[in-house]
Amino acid sequence: MSKERIKISDDLYDIMPSDYQDLVKSATYGKEDRGWKDIGNSKELIEQHSLCAGCPESMAFRYILASLPNPEDTVMVGSTGCTSLVFPMVAVHNIHSLFGNQNAIASGLKRALSVRFPGRTKDVVVLAGDGATVDIGLDMTLQAWFRQEKFTTICFDNELYANTGGQESGLMQKGFVAKMAPVGKLFDKVRLPEIARESGCHYVVQCTVSKPSLVEKVVRNAVMISREIGPTYLQLYTPCILEIGKNSMEGLQEMRDSEKPTERFAYKEYMSEPAKQLLAEIAAKDKEKKAAAKQLASQGA
Amino acid sequence: MADSHSVIGTKNKKGQTFTDTWTMMNDAPRTPSFYTGSEVIKEALRRASCDVMIAYPITPQSEAAALIGELFAEGYIGDYFRGESEFAVMSQCAGAAFGGARVFTTTAGPGTMRAMENFPMWSGARLPIQMIVTCRGINSPLSIQPDTLEIAYLLNTGMLVWHAETAQDFFDWILKGYMVSEEPDVHLPLALCCDGFFVTHTKDVVNLTPADMCLPPYDPYRSPVPCMDMECPPVRMMRDPFVMKSNYISYATHASWQQEVWAAVERSRKHTIKWINGLIETENTDAEVIIVSSGTAVSQGREAIRLLEDEGIRCGLVKIKSLRPWPGEEIREATKNAKHIIVPEFNVTGWLAKEIKATIPNSDRVNAGPRVCGGMTMPPEIIVSEIKNLLGMRTMSLAGRGS
Numbered sequence: 000m001s002k003e004r005i006k007i008s009d010d011l012y013d014i015m016p017s018d019y020q021d022l023v024k025s026a027t028y029g030k031e032d033r034g035w036k037d038i039g040n041s042k043e044l045i046e047q048h049s050l051c052a053g054c055p056e057s058m059a060f061r062y063i064l065a066s067l068p069n070p071e072d073t074v075m076v077g078s079t080g081c082t083s084l085v086f087p088m089v090a091v092h093n094i095h096s097l098f099g100n101q102n103a104i105a106s107g108l109k110r111a112l113s114v115r116f117p118g119r120t121k122d123v124v125v126l127a128g129d130g131a132t133v134d135i136g137l138d139m140t141l142q143a144w145f146r147q148e149k150f151t152t153i154c155f156d157n158e159l160y161a162n163t164g165g166q167e168s169g170l171m172q173k174g175f176v177a178k179m180a181p182v183g184k185l186f187d188k189v190r191l192p193e194i195a196r197e198s199g200c201h202y203v204v205q206c207t208v209s210k211p212s213l214v215e216k217v218v219r220n221a222v223m224i225s226r227e228i229g230p231t232y233l234q235l236y237t238p239c240i241l242e243i244g245k246n247s248m249e250g251l252q253e254m255r256d257s258e259k260p261t262e263r264f265a266y267k268e269y270m271s272e273p274a275k276q277l278l279a280e281i282a283a284k285d286k287e288k289k290a291a292a293k294q295l296a297s298q299g300a
Numbered sequence: 000m001a002d003s004h005s006v007i008g009t010k011n012k013k014g015q016t017f018t019d020t021w022t023m024m025n026d027a028p029r030t031p032s033f034y035t036g037s038e039v040i041k042e043a044l045r046r047a048s049c050d051v052m053i054a055y056p057i058t059p060q061s062e063a064a065a066l067i068g069e070l071f072a073e074g075y076i077g078d079y080f081r082g083e084s085e086f087a088v089m090s091q092c093a094g095a096a097f098g099g100a101r102v103f104t105t106t107a108g109p110g111t112m113r114a115m116e117n118f119p120m121w122s123g124a125r126l127p128i129q130m131i132v133t134c135r136g137i138n139s140p141l142s143i144q145p146d147t148l149e150i151a152y153l154l155n156t157g158m159l160v161w162h163a164e165t166a167q168d169f170f171d172w173i174l175k176g177y178m179v180s181e182e183p184d185v186h187l188p189l190a191l192c193c194d195g196f197f198v199t200h201t202k203d204v205v206n207l208t209p210a211d212m213c214l215p216p217y218d219p220y221r222s223p224v225p226c227m228d229m230e231c232p233p234v235r236m237m238r239d240p241f242v243m244k245s246n247y248i249s250y251a252t253h254a255s256w257q258q259e260v261w262a263a264v265e266r267s268r269k270h271t272i273k274w275i276n277g278l279i280e281t282e283n284t285d286a287e288v289i290i291v292s293s294g295t296a297v298s299q300g301r302e303a304i305r306l307l308e309d310e311g312i313r314c315g316l317v318k319i320k321s322l323r324p325w326p327g328e329e330i331r332e333a334t335k336n337a338k339h340i341i342v343p344e345f346n347v348t349g350w351l352a353k354e355i356k357a358t359i360p361n362s363d364r365v366n367a368g369p370r371v372c373g374g375m376t377m378p379p380e381i382i383v384s385e386i387k388n389l390l391g392m393r394t395m396s397l398a399g400r401g402s
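Protein chains in written order, with numbering that gives the first Met the number 0: chain Z, 0 to 300; chain V, 0 to 402.
Hints may contain errors.
No farther apart than 25 Å at their CA atoms in a straight line, the calculated lysine to aspartate or glutamate pairs in the DMTMM-like style are these [stated by the list, open to error]:
id: 1; chain 1: Z; residue 1: Lys178; chain 2: Z; residue 2: Glu249
id: 2; chain 1: Z; residue 1: Lys6; chain 2: V; residue 2: Asp218
id: 3; chain 1: Z; residue 1: Lys30; chain 2: V; residue 2: Glu230
id: 4; chain 1: Z; residue 1: Lys24; chain 2: V; residue 2: Glu230
id: 5; chain 1: Z; residue 1: Lys42; chain 2: V; residue 2: Glu230
id: 6; chain 1: Z; residue 1: Lys6; chain 2: V; residue 2: Glu230
It is worth saying that the hints were derived from the structure and are not from the lab. These numbers were taken from a predicted model, which means no experiment stands behind them.
Same shape as in the complex, but just chain V (with noise of 0.2 Å):
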C-alpha cells in the first residue's frame, strides 16, 4: 500500500528532486528556452514522473511520441513502447492505469477517431490518463493539415478537455493537468488537445520549470476505485454482474455511475480554475464586438483586435482554456455587454459556435465563423472583414472567396 511518508524533497533515480508541484510552477525559476511544441512534449514530460508511455506514429504527433521514446531510454520514463494501432494504444494505456501507473499517450486526427471506444470506457473507469491531441483533418480524402474537428466527438466522451493555445500553457498544462486529473474527487482521464502543426511544428520562446525538478509520483491508492494491483483485498465486485440484467437496479446502476462521471467533471471545475487560472481569460469585455474563441483561433484574433485597433475599431477577447468543464458561466459574464459574439474556428462544423450558442442569452448574437478547415490558415483579415461586415462598414474583397 501507500507509504505515509512524504517523498517530497527526495530525489528520483535521474536525480531530480520530487518538488511540491505547485511550488514548482510557480515559485521556481523559469529559464526561457527557444523549441518546437513537440520538443515542448518532452521537456513536459521529462518533469512529469511518468510511469508508462504508449506510441505510435501518425502526423503531426509522431516527432514528440518519438522524442519521448528517448527519454525512456535516458530512464526518465517507466516503461515505453509503440503499440500497433491507436485503438490498442489507448486499451494499453488503460491496462497500465488499472494497474496504478500514471500514464501518457498522443494521438491525432483518424487516430483519435480509431480510438474512440476507449475514451468512454477511461473515464467509466475512471482512469486519470492524459492524452496530448494534435489535432487534423479526420475527413476523406486523406488530410494531415491541422482542423480541430475531432475535438467536437471528445466533449461527450466524460473526458477533461483542454485546448492549448500556445506551446507554454502546453508545457503547464501538461504537468497542471495531473494534477486535475489525478485528484480524488476528480480522477478522470484528460485530453490536452492542440492545434496540429501551429503549436507540433513551430518554434517558439517557452519558460521551462527547472529540468531537476520533477512531479511528486502518482499515488494510485487515492483512486476512488481500487487499484487493480492485488495489494488490497479482492471482493466480489457485485453480486450479479449489471451488463445483462434487465431490471430497475440494474438501469440505476448503470445511470448513477455515468451521473457520476459527469458529477466528476463538474467537481474538476474548481481544481481547473486554481490551476490554469480559471477555465477562460479576458480581454476588453466592454467591447461591444468580442471575439470568443479556443486554440490557435484565439492567437488569429489577437492579430485581428490589432488590426481593428489601427483603424480605431474596439474588439474584446475571451480565450476558452478549458472545454471539459464548460464555461458556461465565465462566458455568459464576459459577454454580457456584446452586441456581436465572433466565434472563428478551425472546422467545417463549427461545434464551438454551437456549443457557446446553447450557454447564452440572445444567441443569435453569435456569428458562426470565420471558419476554415481541411488546413486552410485563418489570416486575421478574414476574422477583420467578418467583424466589419457584421457592424455594416464596407470591406475590400478577399482574393479568392468569390466576394
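If we strip away everything but chain Z, and leave its shape as in the complex, we get (with noise of 0.2 Å):
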C-alpha cells in the first residue's frame, strides 16, 4: 500500500474523524528511516487506548508502532488481553482471533500474503502478552519457529495475566505470590529466549522499554531478519504496574531496576551467523547512502 491510498476525497473530507484526516496530514507510511523521533512531530499509527495510566505497555506499543519499518505493508497479529484492548485503535491492518493461536494465525497469514503478492514485501508481526506465548500458545509459537516462518513475535512479558486480573504466568519469577500461585510460584521464569535460539530464531533480543532507541533498534533489527532470513522473537519487559503494586508513575523505574546487568531484564541478545550477514550487510549500505548524501550536500555547497 502506498499512502496515495489513504487520500480522502475533497468533498468528504470535512466529514472524516479528525484523526483520520491527521493520518492522511502527517503519518509516517513510507518514511525510510522513521522512529521513535517522530513522536510528537508526526501523527502516530496508534489513538487513544484504554490501558491504565502509566503503563508501560503503552509506551512499547507507541515505540513499536513508531520503529516499524514498512508499516505501509505490516499486518500484525494479537492475541487476547490487554494488548487485544489496544490494537482496535492501530492504523495498520491487526488480526485478533483466539487467545493463544497468534502464531498459528500468523503462519498461514504470512504465506497467503507471499502467495498473493509475489516479489512485493509484506511483513507480518506478531504482538502477544507472555500467557498467550508462553502458556496456552507455546506448542504453535515454537512450531512456527520450527518450521522458520518469516515473522517476528514480540512478546511483552509482564510476569502475569494481567488482563484477567493477575494471575500466575509461566514467565513469573519463582517465588512471586499471586493468584492461582497462593504459596508462591513454585517453579522458575521459564527460559523462553534460549528456547527461542534452541528453536531456530535467528535473532532473540530480551530487554525492557525503557529506552525508545534500543526498541528501535530491536524492532527494525527482528523484521529486517524475519523478512529475509527466519523467525525472530522480541521479549520485552512491560510490567503491569497495577498487579505488582507500583503507581502510575513507577513503571519506567521498575524497567530501569529490572535491567540492571545482575537482574533478570539484563539484556540479552543471540543472533544467527546469516543473521549478523545481513545486519553488516544492512549497516555497509546505510553508511554508503550516508556518504553519498554527504558528498552531494557538499558537491551542492
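Can you join these two chains into the complex? Each is in its own frame, and there are hints to help.
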C-alpha cells in the first residue's frame, strides 16, 4: 500500500474523523528513516487507548509502531489480553482471533500474503502477552519457529496474566505470590529466549522498554531479519504496575531497576550467522547512503 | 486492489483455463473415472484455484490431505504445509483467509473436536474457508470408524454444513461450495461432510470436469469485511474495543454481529439451491412411509426401498443435502403426506431426527432410527425391519439384536 491510498476525497474531507485526517496529513507511512523520534512530530499509528494510566505496555506500543520499517505493508497479529484493548486503535491492519493461536494465524497469513503478492514485501508482526506466547500458545509459538516461518514474534512480558486480574504465568518469577499461586510460584521463570534460540530463531532479544532508541533498533532488526531469513523473537518487559503494586509514575523506574546487569531483564541477545551478515550488509548500505548524501551536499555547497 | 478485467478465458501457470463456474460444472463435458473418495477430493482441488491448503494426519482424511500435497508439488496449489494440530491448522487456515487466500483443509472426528474453538471464529470473522469433514468416531475408547456424531457439534457454529452422500456429490460440491461460500452476501466457511471410509476409501465412478479447466480465482475484495493485507486504508476499527465493555452498545454490537452471521446463513439458501439443485432431493413423497436422511444413510435407505418394493411396500425418500442452511420448508412439504418418517443415522444420539422433529407438524410421526454407531454398518435389512415393525408386520429376527 502506498500513502496515496489513504487520501481523502475533498468533498468528504470535513466529515472524516480528525484522527483520520491527521493520518493522511502527517503519518509516517513510507518514510524510510521513521523511528521513535517521529513521536510528537507526526501522527502516530496508535490512537487513544484504554490501558491504565502509566502502563509501560502503552509506551512499548508507541515505540514499536513508530519503529516498524514498513508499516504501509505490515499486518500485525495480536491475541487476547490487554493488547487486544489497544489493537482496535492501531492504523495498520491487525488480526485478533482467539487466545494463544497468534503464531498459527501469522503462519497462514504470511504464506497467503507471499502467494498473493510475489516479489513484494509484506511484513507480519505478532504482538502478544506472555500468557498467550508462553502458556496457552507455546506449542504454536515453537512450531512456527521450527518451521522457520518468516515473521517476528514480540512478547510483552509482564510476568503474569494482567487482563484477567493478576494470575500466575509461566514467565512469572519463582516465589512470586499471585492469584493461582497462593503459596508463591513453585517453578522458575520459563527461559523462552534460550528456547527461542534453540528452536531456530535467528534473532532473539530480551530487554525492557525503558529506552525508546533500543526498542527502535531491536524492532527494526527483528523485522528485517524475519523478512529475509527466518523467525525472530523479542521479549520486552512491560511490567503491570497495577498487579505488582506500583503507582502510575513508577513503571519506568521498575524497568530501569530490572534491566541492571545482575537482574532478570539484563539485555540479552542471540543472533545466527546469516542474521549477523544481513545486519552488517544493512549497516554497510546505510553508511554508503550517508556518505553519498554527504558528498551530494558538499557538491551542492 | 482487484483488477477490473475478467480472468475468464485466460490461463493459469499450469495451463488450465479460468472458466466460468456455471459453464464448467453444467455445460463442460464430463469424463467418467474410477476413483476413491480421497482421489476425488484431489481431483476437485486440482480444478479449484486454491491458494493455501494446510494438512494434518488423522484417519480417514490423511490420504486426501497427502494427495493434495502432491498437487502442491505439481504446482496446482499456492502453498501447502503440515500444521502441528487441528487447532493450529484451523487457525493457520484463518490466518491465510484473513490474508485474502482461497483456503482448503480436511479433518475428521477428534480433529474436528480439537479444532472446535476456531469454527465460530471463522464464521464470526466471515472467512470463506472450505473444510472437508470425513466423519469418524469421537468417543472413548478410541475409534477410527465411521460415525457422524461430530456433525451435531458443527450445526451451531455459523458455518454452512453440507452432507455428501457419494463421491460425485463430493467432487461437485467442493467446487460449487466455494461459489456459495464466497458470495459477498454469504462469505461464510463451509463444512463439507461425508461419512469416513464409506465415501473416502471406496471406489466409485465419478464424472469429472475437464482437467484443463479451473475455477476463477477468489477475489478477497468482494468480502463484506476488509481483507487484512494493507491494500486498503487502515482505519481504527472501532472507537472502543467491545470486548471488555459492559454496556448496552457493546452487547447490542455483539448481538447484531451474531445475528448477521445467521442472516448470512439464511442468505446462502438461494445460492445453495441454485448451485446444488435444491437443499433436498425427493422420491415418491406421496408414499405413507418416507425415509429422511443424509450422507450414506441415504444410500442404505435406497437399498431398503428396493427390498421393500419386492414385497409390495411403497416407500418414499428424502435426501437432505444441506444441514445449514436447514431445509425446513422443503422437509415439511416433502413429508406432509407421510404417516411414518424413518430417520436412519450413523450416530448414537440421533441428531438428525431431533432436527426433523423440531421442523415438522405432528412430530410423533418421526421414528428416530435405526441408528448405528462406533463403526457399525447399517444393513438395509435393519431399515426394512424397522419399517415393517412400524407397519405392524412380522419380521424375521436379525442376528445379534436380541430380538
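Hint check results:
Proximity of Lys178(Z) to Glu249(Z) is assessed by CA-CA distance (about 22 Å); at most 25 Å being required, the pair is judged to hold. Between Lys6(Z) and Asp218(V), the direct Cα distance comes to roughly 24 Å. Compliance with the 25 Å bound is thereby established for this hinted pair. Only pairs whose Cα atoms come within 25 Å are accepted, and Lys30(Z) paired with Glu230(V) is accepted, the gap being roughly 17 Å. Restraint check for Lys24(Z) and Glu230(V): the C-alpha separation of about 19 Å stays at or below 25 Å, so the hint holds.
A C-alpha spacing of about 20 Å is found between Lys42(Z) and Glu230(V), which places the hinted pair at or below 25 Å, so the restraint holds. Taking the CA atoms of Lys6(Z) and Glu230(V), the gap is near 13 Å; set against the 25 Å cutoff, the hint holds.
Checked against the numbered hints above, the structure breaks none of them.
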